[in-house]
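The residues making up each chain are set out below.
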Amino acid sequence: MKFANVIGTVVLTKTHDRLPEGSMRLVQPTDTSGKKKGIAIVAYDLLGSSPGEKVIIAQGSSCRQGPQLNTSPVDAIIAGIVDTIEQEGKILYQKKEV
Amino acid sequence: MKFANVIGTVVLTKTHDRLPEGSMRLVQPTDTSGKKKGIAIVAYDLLGSSPGEKVIIAQGSSCRQGPQLNTSPVDAIIAGIVDTIEQEGKILYQKKEV
Amino acid sequence: MKFANVIGTVVLTKTHDRLPEGSMRLVQPTDTSGKKKGIAIVAYDLLGSSPGEKVIIAQGSSCRQGPQLNTSPVDAIIAGIVDTIEQEGKILYQKKEV
Amino acid sequence: MKFANVIGTVVLTKTHDRLPEGSMRLVQPTDTSGKKKGIAIVAYDLLGSSPGEKVIIAQGSSCRQGPQLNTSPVDAIIAGIVDTIEQEGKILYQKKEV
Amino acid sequence: MKFANVIGTVVLTKTHDRLPEGSMRLVQPTDTSGKKKGIAIVAYDLLGSSPGEKVIIAQGSSCRQGPQLNTSPVDAIIAGIVDTIEQEGKILYQKKEV
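Protein chains in written order, with our numbering: chain A, 1 to 98; chain B, 1 to 98; chain C, 1 to 98; chain D, 1 to 98; chain E, 1 to 98.
These are computed hints drawn from the structure, not numbers from a lab.
Mixed in with the good hints, there may be bad ones.
Identical chains blur together in the list; that is why a pair holds if it fits in one copy or across any two.
Keeping only pairs whose Cα atoms sit at most 16 Å apart, straight-line, the calculated EDC-like set for lysine to aspartate or glutamate is [what the hints assert, rightly or not]:
no.	residue 1	residue 2
1	Lys-96	Glu-21
2	Lys-14	Asp-83
3	Lys-96	Glu-86
4	Lys-37	Glu-86
5	Lys-14	Asp-45
6	Lys-14	Glu-97
7	Lys-37	Asp-17
8	Lys-95	Asp-83
9	Lys-37	Asp-83
10	Lys-95	Glu-21
Make the full structure from the sequences, and use the hints.
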């Protein structure tokens with residue numbers, strides 16, 4: 001899974017009939033330090049993430065696990081919201097408490 | 001899912017016998033600002049998109065969901081037509097009304 | 001699906017026991033103008049394409065649709081032979097009649 | 001499968017309901033000499049790897065084999081811990097004994 | 001399928017319980033002329049290939065076809081050993097007889 005920052009929202013007019021209504025998030029893949037890597041993509045969000053949160057995204061057939069999306073043409077989802085990234089004893093990222 | 005602009009149409013002479021007749025669109029992947037990213041590819045269009053529209057494309061096995069394409073050798077489809085892309089409260093893209 | 005030019009043939013000595021005999025084509029991925037993009041790969045050809053033809057290739061699990069290849073370790077096939085590529089009213093490519 | 005070094009751990013707050021609890025490792029893909037290649041990603045760890053170990057990672061649907069992850073939105077796992085990499089009679093890497 | 005040269009062997013200590021024992025080959029992807037392209041990866045070898053042989057590798061779910069690997073976390077296999085690569089009537093590669 002890749003790291004990404006949730007940066008916005010995408011609204012669709014016409015969609016594939018297997019694409020359930022729900023939040024389509026604009027996510028920017030990043031490295032561990034938060035630096036942008038590649039272009040922003042659209043990920044289906046089952047977790048209720050908010051812009052500004054760091055998440056991990058899963059891509060490919062792994063996105064369609066579970067009853068909501070298993071016959072859906074979704075190739076990227078938000079699989080988790082990141083709390084902490086730790087590397088060699090150092091905290092690289094810590095989610096701020098709200 | 002990636003952003004792409006619908007820029008044309010592709011006609012095939014001979015095709016795989018599991019490839020249903022239908023619109024094969026020429027789509028140019030882009031970033032959120034509409035800048036070209038990578039080469040144009042061919043995506044199966046179940047949505048009746050038109051050249052000039054901004055869409056999201058799904059790739060891989062996620063393309064074969066639903067009865068029309070589930071045994072078809074299609075690795076890219078148009079999964080939705082974009083209405084709005086919003087980033088940090090700013091509208092990056094808004095589909096023009098016709 | 002990506003555009004590619006059929007440029008040759010590959011013969012194998014020893015193969016995976018689920019790989020059916022048949023034509024393994026050497027194909028060079030291209031952009032819409034025919035310019036090379038990336039390295040030449042090997043695609044299974046169910047369509048009887050000939051060197052010099054422009055095709056679309058499908059990759060990943062989408063290759064294994066249909067009875068001939070559905071349990072076969074094939075990750076790229078020729079999914080169609082291109083007749084015409086049209087972009088914004090202009091013909092970018094037109095297959096020559098033989 | 002690609003080579004990677006285990007360099008840290010990732011903790012998630014909210015996760016997809018099909019993602020089993022367990023160790024999410026921060027892994028840095030490398031070449032055979034250990035040089036970084038691409039960005040660090042998150043891989044599910046069923047093997048109890050430790051930071052500092054060289055592993056091979058599997059990506060895509062191949063990650064979901066076995067009962068723990070087969071309906072899970074995981075697109076990268078640690079598939080093995082490397083003992084030795086040998087190239088043309090030379091040992092490129094040998095795991096240190098503890 | 002991509003071309004690769006078999007250049008070595010990888011031994012694992014601890015492995016996923018669905019990974020059958022067998023030869024894990026170090027393979028270097030190449031173009032048709034044998035020039036290195038990208039980093040060396042690990043491919044499962046069902047064919048008994050030897051270092052020095054040119055092979056084609058299949059990646060993704062296509063690797064898990066057949067009874068030995070169908071529930072295995074393998075994302076790259078050696079799908080065939082190359083005898084000849086022919087491009088526009090010219091032999092680019094011919095396996096040497098032993």
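List of violated hint numbers, smallest to largest: 1, 4, 7, 9 and 10
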